[in-house]
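Undergrad: Residue strings, one per chain:
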Amino acid sequence: MQSSAHTAEGAAPVPRLAAHFASLEVQTHAARLGMWLFLATEILLFAGLFVCYGCYRFLYPEAWAEGSRSLNLMMGTVNTVVLITSSLTAALAVHYAREGKNKMVGIMFALTLLMAIGFLVIKYFEYHHKFEIGTLPGRYYTYEGMQQPGIALYFTVYFCSTALHAFHVLIGMGVLTVAMIRAFTKADFGPNNYTMVELGSMYWHLVDLVWIFLFPMLYLV
Amino acid sequence: MTPSSSLDTAGAAPHGEHHDHHPNYLVDGTTIKSWLLTVDHKRIGLMFLFWVLLFFLVGGIFALLIRIELLTPGPTIMDAMTYNRTFTLHGLVMIFLFMIPAIPAVFGNFMLPLMLGAKDVAFPRLNLASLYIYLAGAVIALWGMLNGGLDTGWTFYTPYSTHTTTTVAPVLFGAFIIGFSSIATGINFIVTCHTMRAPGITWFKMPLFVWAIYATSCIQVLATPVIGLLLVLVTVENLFSFGMFDPARGGDPVLFQHLFWFYSHPAVYIMVLPAFGVMSEVVSTFSRKNIFGYRAVAYSSLGIAFVGFFAWGHHMFVSGQSTFDAGVFGVLTMLVGVFTAIKVFNWIGTVYKGAVDFKTPFAYFCGFLFFTVFGGMTGIALGTVSLDVPWHDTYFVVAHFHFIMVGATIMAFLAALHYWFPKMFGRTYHEGWGLVSAALIILGFNATFIPQFLLGNNGMPRRYYDYPERFQALNVASTAGASLLAFGFIIIALYLAYALVYGKAAGKNPWRSKGYEWQSESPPPTHNFVGPQPTFPEEPHFYVDPKKAEVPDAV
Ligand code: HEM
Ligand SMILES: [Cu+2]
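Respectively, the protein sequence lines represent chains U and R.
Residues 1 to 221 in our numbering are what the first sequence lists, from first letter to last.
Residues 222 to 776 in our numbering are what the second sequence lists, from first letter to last.
To be clear, the hints were calculated from the coordinates, so they are not data collected in a lab.
Where is the CB? At the ideal position from N, CA and C, for every residue including glycine.
Relax, there's no trap hidden among the hints.
For the chain R half of the interface with chain U, some residues (derived, Cβ under 10 Å), not all of them:
#1 Pro-345
#2 Ala-405
#3 Ile-411
#4 Thr-416
#5 Leu-454
#6 Ser-462
#7 Met-465
Label-pair restraints from in silico Cβ distances:
#8 U/Ser-23 - R/Pro-468: 52 to 60 Å
#9 U/Ala-163 - R/Tyr-381: 24 to 32 Å
#10 U/His-128 - R/Thr-386: 28 to 36 Å
#11 R/Tyr-685 - U/His-128: 48 to 56 Å
Isolated chain R (complex conformation):
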């Protein structure tokens, strides 16, 4: 294939007349079976989107129940045991069923092959299997939660989790199964990046979203088996008292914590790295500028993935760790901050002197920047041993990880949803409503979690059902913020649902983006590109002059 002929395929030229012969992936097969048994990465991505949103709703409802319970001191709407089960259910659903799969399984699945000029992921059937494994795990875990419930919190700390009379086994087993889904997705993406890149896409021409997903997949593959084993051991221990982590039988609960955080610290990057990837795409498209410091952004994803494995001890500063260990973990924790800061500076550098197009995804980018910086800074503070000791297990930690996980990741999830909505469904939504709800959500987040920083700093411990009078005002503020947040989500659900049915046709590239995925139709045909395999001679974020709209087939 000569470069010039491939340019044609990649660009706009000959697609009009082919149109009818290549139905888009949404209508290519309309039976239920054609969806349930599909191996098309785009359909699998959409099905993941459906489930992930459903679980987000479930987790969100439980979040509101928690906030309502904490509206007043003492019992408000539930008893203490129900409260324990509620926050455990909330945490589990949000982390294992929403946060971890949200961006990789939905947008990674949908966009990765498009961005690599591939027809599909490397193992399409494994991809479908990972959806069903995820659902099977979810069903088992939720069944356990409803039949007896679990009151350990999402961290399952031993020895409590091995002795509690609530149903530990099915929930942990469900989480274990979900882990396989995560591993399968990770392997699939890594192999796809290695073997499916279209001619011309070298490693350093891969879009930054692909880089982020690649780094995430590495973490998933390396960390998940360890927690898998740990979940099995705790289950066995809970059922049969083998004593592996039970101090009464000579076992060591701190060992549990080490193994747990060895996974769960990197897991927080499983949640946030894809978010960084989304934002790199969004910021470049809406500033109409090549991403500043492309390589630095790509490498820093790998850097975060790497040092993320050595920072787990910062969750255990108060577990009897030696001062030396605590110091080492503290320093390694700061290193993560350095890599994150590299990204932040590069995004800002990208916006600088760009021709900013302030659309909904860009509004989320602004919120994202704030949450990442604020959440990250509080992380640095927590990584300082002397500060972490009083803050540990208070609402300060809750606020920190919600700022960065919920704040940054949800911003990215919503940005991705709005940015790629036209690509995925071929329709546009109402921009005004998009901006209004983005504003509501960003406000809502701040109103929910800033009071929690203050609560923690004043000494309110996390996971407590009751609190003294003097904490009430801040708790009320937090609950009010959560309601605002919920309201924002309802608006989004409404106008996006409306857009799905009545939205205007989006056209191929409504944002006039240079991202590779926009060179396909919207929605893309089943095998992603019409004609022979495309090649992409230009870099993915290559805008020559931001002030000029020089993308050929703007709509």
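Next up, chain U with everything else stripped away, as it sits in the complex:
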């Protein structure tokens, strides 16, 4: 990679200013603030589930202990590492976007997406195992091995929160794919114009952050 943003990918990207904004800084500021607010709502969405988790953990401590022990710690840990690494590549994408190195932006997002797929594959194996032995939520719980009161509820919370998280992974992948394609085909990210990359990876950090909460809650304690 060459050092100068402008020579690396051709002409300097032209930032676009919407008619109703006073200046580019204001526009970027608005986009960022909007994204922060949106991320706050996402966190609150999960917070509702955390409250459910907390209440039922308090009501059924034994079930929680045993349920959490029954999860595959290895797979969970690998997934955590995968997701944290993917957050790093997403952050690097922003770094390159600021320098106008569009190709690197694309590559970084491609790596992020690969890791996201890896995460989902591992999740698939975990889910698959549970479907086989029947550690499922509510009335679908058929496993004989653990029988404390509230154990089915543990898996209700497990499935609801991991599924909601996986759904966010999918949405994040969609956003990053669009950004990646734009970086590769249009190469229009640059020092003044990297809002999309920035917001996309902010979203990805959220996905990561939520998992960092879910992992200890479900697997470790």
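Model the placement of chain R with the ligands on the given structure of chain U, informed by the hints.
TA: Just chain R with the ligands now, kept in the frame of chain U:
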């Protein structure tokens, strides 16, 4: 931009000759597409107005059906199951499709950018999206209501809602989607307030309506995700019996109530705070006085938004809550009353020694004051645990929340409609009819809901299809009041429709108001202001001497 030159743009001076080059937003593009795909906040506001009024009509028709059913004990016009579905439909439509979006999505959308001297909201396309998300949610929810219906009431209490055989899933899913619209609007307004204020509009020069919308948006953004999650969980539970709130599977229905009221208590302020904002504008304009205690009014909006999050437990006094919790929630509930009282006193202080111009919006202000004080006082009473226990789930509660929600919010909605009608459409309506219908509506409300306070106090439970003979007289009175109310609304619809077509040209500032929004044309041009971005050197409610009409370009 120097202050003096910007004063010109803000004031009346050079707009005449520009007129032809800046078509107003109503005629700038006349194709259907130019409306459906518009990103102009004013057009979006108008489209919201259309839908919100339509849903108000739907909800209103169901309200009348309920009242007719309750005219006599026993079956009157429908069976018990239909009755359950009717009041659920009424509540859902009124709350999620009318009350919550009514003032923010219509008048907030229309006025907020004008009041900030901005060309549009921060995210115009998101704004349009929020309209379509709202409609999509409405369609899904109503489809569910018509195909099977829902009989849980608007609160969807578990475990009943997870076991009933009526169609819970599509209705809850629709409500979930509407939540996204609410969040999108909230984010948009918050960001607009932060980034789009014209030079010179500091935070404490923002009109009080903007403050109210800002506080409302904060609640919307913070509370809606929680109910979103809850709706999804109940839907999943209803479809697949996951047991999250089902006591038979170890779940806890009281947890549902906590999460539900964590949203729905603040949600009542989503409905009423914008109403407070409208009234601050109206009272200042029609008393020709600077709002008394501007900062106190602004801060108390934020205060209500804040403590509103900690009062939810007062809906659960009888759910097995500990006495200590009940006490704490009771006290926090009273705090809301304190903040509301601050506003009430400041409005009265504003009217005091003002030069009152008793126009239709001001008539609604008077009704509003009465409903807010009366509704709020009964709220304080309900916040007292020992009183709430016998009143809980009786018609007393119904009367309380209708007084404050329907009474105060509808007063504000109608005041806003009349106050800003000339701004939005450039025409005036017939003042006499305005006052007559306002009187009818205020009377109608009292006649509808005062009997319900008495019914509740005598022990008639809410949501009951049948009642003993001795409650009949009061029920008849309530139904009569509801008819009067409906009659008032019909009159308003008629003369406003007439005014839309035949009304006299309103001119730029028919009320001679100092509000920033009146410094633009009526109706405003597409980008709100002719010429460069305006600045507003004066405060929004700044009348030097109420007895003098010192606004320059009175019509
Ligand atoms: C300001 C606007 C207000 C609105 C829009 C409002 C709305 C409502 C609604 C909708 C309910 C009934 C919910 C249901 O069960 O379906 C309710 C109940 C209640 N409200 Fe309000 N309210 C307001 C103000 C207040 C205030 C100021 C207080 C107290 C200071 C208060 C105290 C209560 C209490 C304690 C209940 C529970 C009654 C019971 O279920 O037994 N409210 N309110
Ligand atoms: Cu409440």
